[in-house]
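Protein chains: 2
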Amino acid sequence: MKRKAKQPRGKGRVPARPGRAGGKGKGRVSARPGRAGEKGKAAVEGQRSLSRQTRAGRVQQASGQAGATGKEAGLAPSGRAGAMGKEAGLAASGRAGEITGEIAGEKTLMVVGSVALDSVKTPFGQVQEVLGGSAAFFATAASYFTSVNVIAVVGEDFPEEHLTFLRERDIDLSGVERRPGKTFRWRGEYSYQLNEAKTLETQLNVFESFRPQVPASHRSPGMLFLANIDPDLQRSVLEQVKRPRLVACDTMNFWIDGKRDALIRLLKDVDVLLINDGEARALGQHPNLVAVARTILAAGPKTLIIKRGEYGVVMFTADRIFAVPAFPLEAVKDPTGAGDCFAGGFMGYLASSGNVSEHALRRAVVYGSVMASFAVEAFSLDRLRVLDQTDIVARFGAFKQMTIFEEL
Amino acid sequence: MKRKAKQPRGKGRVPARPGRAGGKGKGRVSARPGRAGEKGKAAVEGQRSLSRQTRAGRVQQASGQAGATGKEAGLAPSGRAGAMGKEAGLAASGRAGEITGEIAGEKTLMVVGSVALDSVKTPFGQVQEVLGGSAAFFATAASYFTSVNVIAVVGEDFPEEHLTFLRERDIDLSGVERRPGKTFRWRGEYSYQLNEAKTLETQLNVFESFRPQVPASHRSPGMLFLANIDPDLQRSVLEQVKRPRLVACDTMNFWIDGKRDALIRLLKDVDVLLINDGEARALGQHPNLVAVARTILAAGPKTLIIKRGEYGVVMFTADRIFAVPAFPLEAVKDPTGAGDCFAGGFMGYLASSGNVSEHALRRAVVYGSVMASFAVEAFSLDRLRVLDQTDIVARFGAFKQMTIFEEL
Chain A
11 MKRKAKQPRG KGRVPARPGR AGGKGKGRVS ARPGRAGEKG KAAVEGQRSL SRQTRAGRVQ
71 QASGQAGATG KEAGLAPSGR AGAMGKEAGL AASGRAGEIT GEIAGEKTLM VVGSVALDSV
131 KTPFGQVQEV LGGSAAFFAT AASYFTSVNV IAVVGEDFPE EHLTFLRERD IDLSGVERRP
191 GKTFRWRGEY SYQLNEAKTL ETQLNVFESF RPQVPASHRS PGMLFLANID PDLQRSVLEQ
251 VKRPRLVACD TMNFWIDGKR DALIRLLKDV DVLLINDGEA RALGQHPNLV AVARTILAAG
311 PKTLIIKRGE YGVVMFTADR IFAVPAFPLE AVKDPTGAGD CFAGGFMGYL ASSGNVSEHA
371 LRRAVVYGSV MASFAVEAFS LDRLRVLDQT DIVARFGAFK QMTIFEEL
Chain B
11 MKRKAKQPRG KGRVPARPGR AGGKGKGRVS ARPGRAGEKG KAAVEGQRSL SRQTRAGRVQ
71 QASGQAGATG KEAGLAPSGR AGAMGKEAGL AASGRAGEIT GEIAGEKTLM VVGSVALDSV
131 KTPFGQVQEV LGGSAAFFAT AASYFTSVNV IAVVGEDFPE EHLTFLRERD IDLSGVERRP
191 GKTFRWRGEY SYQLNEAKTL ETQLNVFESF RPQVPASHRS PGMLFLANID PDLQRSVLEQ
251 VKRPRLVACD TMNFWIDGKR DALIRLLKDV DVLLINDGEA RALGQHPNLV AVARTILAAG
311 PKTLIIKRGE YGVVMFTADR IFAVPAFPLE AVKDPTGAGD CFAGGFMGYL ASSGNVSEHA
371 LRRAVVYGSV MASFAVEAFS LDRLRVLDQT DIVARFGAFK QMTIFEEL
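First to last, the protein sequences are chains A and B. Just so you know, we're using our numbering here: the first sequence kicks off at 11 and counts up by one. Just so you know, we're using our numbering here: the second sequence kicks off at 11 and counts up by one.
Please note: incorrect hints may appear among the correct ones.
Below 20 Å or equal to it, Euclidean Cα-Cα: the simulated DMTMM-like pairs (lysine to aspartate or glutamate) are [unchecked claim]:
| hint | chain 1 | residue 1 | chain 2 | residue 2 |
| --- | --- | --- | --- | --- |
| 1 | A | Lys-192 | A | Glu-206 |
| 2 | B | Lys-131 | B | Asp-392 |
| 3 | B | Lys-410 | A | Glu-211 |
| 4 | B | Lys-410 | A | Asp-329 |
| 5 | B | Lys-410 | A | Asp-242 |
| 6 | B | Lys-269 | B | Glu-218 |
Covered by chain A, per the in silico footprint, the following chain B stretches (three or more residues, Cβ under 8 Å) [what the hints assert, rightly or not]:
| hint | region |
| --- | --- |
| 7 | 214–223 |
| 8 | 336–342 |
Derived coverage of chain B by chain A (criterion: at least 3 residues anywhere in the stretch with Cβ under 8 Å from a Cβ of chain A; other residues may be distant) [as the list claims (entries may be wrong)]:
| hint | region |
| --- | --- |
| 9 | 288–299 |
| 10 | 315–324 |
| 11 | 397–411 |
Since the hints were made in silico from the structure, they are not lab data. In this text, a Cβ means the ideal position worked out from N, Cα and C, and glycines have one as well.
Given only the sequences and the hints, what does the whole structure look like? Please build it.
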């Protein structure tokens with residue numbers, strides 16, 4: 011295992027267990043009148059100005075719309091058009107036409123995971139108590155593509171400015187509970203090779219008794235991402251919603267080893283599993299990734315995405331393999347959150363395109379790689395704060411340039 | 011450093027130093043009447059039948075010929091045709107039209123390196139004293155694309171059957187010296203992850219005093235590969251030949267650390283450097299590969315190819331990066347020689363196509379990856395012994411399928 015990087019950081023610290031539910035509904039962040047003063051007003055204004063910003067800032071709306079069906083021919087090498095044209099995989103699930111009862115519900119993406127305060131040190135600097143957590147990274151990356159609802163918990167001390175930032179990205183926080191106690195904190199350090207975080211301190215705080223509750227208004231998400239938490243909690247979220255068109259999940263060795271049965275049960279209902287290579291080997295109980303992929307695909311997911319940090323990503327489906335290298339960057343400052351930003355770009359694109367064909371999945375993997383490549387360029391979500399659609403489109407193009415070669 | 015794999019195996023054992031030249035010219039393998047009996051006859055017959063076989067077996071002759079110029083449009087994404095059409099890099103060297111004075115000399119590829127007897131143990135089996143060595147792996151892989159001349163040394167005990175095999179692949183062995191003493195032997199073992207060989211024994215034998223001599227008839231090779239030997243010996247070969255159209259070299263940490271100055275001097279005259287990621291970081295003295303690439307490209311080579319074992323290959327030129335993942339294989343038996351087979355496919359394709367444009371280099375990287383992917387499927391050169399053109403073309407297509415995604 012080379013690098014746990016961003017996704018792992020969220021991993022060494024989320025052994026959350028179902029706790030008592032106390033205070034649900036009342037403590038929701040978006041409904042807290044007690045904090046509505048100046049900051050609340052700013053947030054509302056943020057929301058407004060945001061409706062404009064995100065319309066412009068959404069990658070999918072300005073490009074790519076035609077892609078999934080428009081240029082199929084480009085994908086098929088001479089003489090193999092038939093094989094490539096065959097749309098195996100998720101598209102066949104028959105859920106495409108499902109009526110969700112929500113306006114634009116089909117494009118809405120829900121995530122359950124952590125929202126945290128991270129303190130991170132790398133050879134290129136350090137930050138104290140900055141915005142972190144799998145759901146925060148995921149939602150921010152996905153917000154460039156579609157509307158996102160977050161199911162998470164924060165403590166009384168969680169800074170309003172972070173919530174404002176997320177709301178300004180048009181992220182729906184009505185599923186974020188604010189509970190008595192302190193916010194989940196993680197402190198970690200990376201060596202010069204940036205390939206694995208050393209966890210210095212984990213304070214679960216309110217995350218320890220996190221029991222995700224999906225607001226009634228959010229029970230028909232178009233797609234759902236179960237970030238790395240206890241498989242039983244992941245299942246509880248799945249059971250609270252009408253079956254989404256696509257369900258993806260992440261996990262880590264802590265659950266693979268400690269709650270294997272619960273995880274295996276969950277996987278039967280998961281469409282896409284996103285994990286890193288070490289986790290894949292632990293789950294598939296074999297050193298060879300092809301053998302591992304066969305085992306995992308037989309357990310439920312139709313798609314397995316293996317994240318390999320600086321080496322990129324490989325996606326296995328029943329009869330295809332797609333692999334894309336990571337973008338070689340000189341300015342890698344902090345790998346924290348890269349895996350979650352990958353998932354955010356991946357799911358955000360799929361949700362926005364409403365397409366889960368092999369073609370769409372491949373593009374989604376590239377969008378995920380694009381978002382991860384930005385995430386590592388700065389601490390916390392700082393690079394994503396100043397990202398615009400042009401940056402994303404340009405880097406997508408750079409991935410194409412980097413990987414293209416001529417047919418025979 | 012994840013995996014020294016095939017190229018490393020050739021590396022942990024080639025600290026050859028210039029020795030006395032004794033016996034040169036006389037002991038050449040191809041001129042040994044004393045061994046000509048039954049085996050010699052077989053070899054001659056092998057050569058004959060081979061002329062047919064290789065005509066059919068050469069990838070370049072049956073396909074790919076038109077590619078370098080025929081389908082440029084496919085390479086250029088919308089709106090970027092100009093940038094991609096720009097043929098930066100090696101094509102600008104002005105050596106394309108050089109007259110070598112040899113019939114078909116422009117397509118001839120020369121390699122200097124080791125020919126060895128390997129004993130290898132992996133979790134999937136073990137072999138004793140089988141054909142190995144960087145020059146043997148390289149030449150065999152390249153022989154699927156073009157004519158190859160080998161400059162190497164073997165001992166009195168080197169089995170004639172190995173020479174017969176190489177000759178049957180249409181490989182010219184007139185530059186292989188047979189000297190008094192025993193052949194270079196290497197014994198190594200791989201753990202279950204197959205990512206790094208543990209050297210158990212190295213007997214340099216005749217390789218210790220190897221001083222490469224290029225026969226007069228071979229002094230105008232079209233292209234030259236300096237496999238991993240002492241940089242001073244690499245230079246001596248370069249000085250014995252008329253400047254080839256393209257010179258590539260490999261090296262290892264032993265020389266990077268021990269003969270850095272000689273290596274840096276050599277690099278000024280090298281077009282393509284092929285090394286693994288650990289070696290690149292050691293040579294560039296920086297953990298970041300982009301920074302390393304800039305440093306190395308400034309030292310001479312116009313192209314840097316970094317081999318990353320199971321993660322694939324990344325190629326850096328002045329203004330472009332090309333990356334291709336390794337082919338995920340379930341049946342990896344022995345990684346010994348993969349790096350040299352990569353180099354053989356890479357250089358073999360370039361020599362056969364007579365083209366060193368960015369397009370050709372990218373295809374060459376894929377052909378290299380194809381040959382490496384076959385090499386690891388069996389011990390020694392066993393997979394390459396039974397390979398045919400159809401296999402190579404099919405796997406090239408599989409690489410394309412594995413890496414393609416739609417533009418925006």
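- Message: Tell me the numbers of any earlier hints that the structure contravenes, in ascending order.
- Response: 1, 3, 5 and 7
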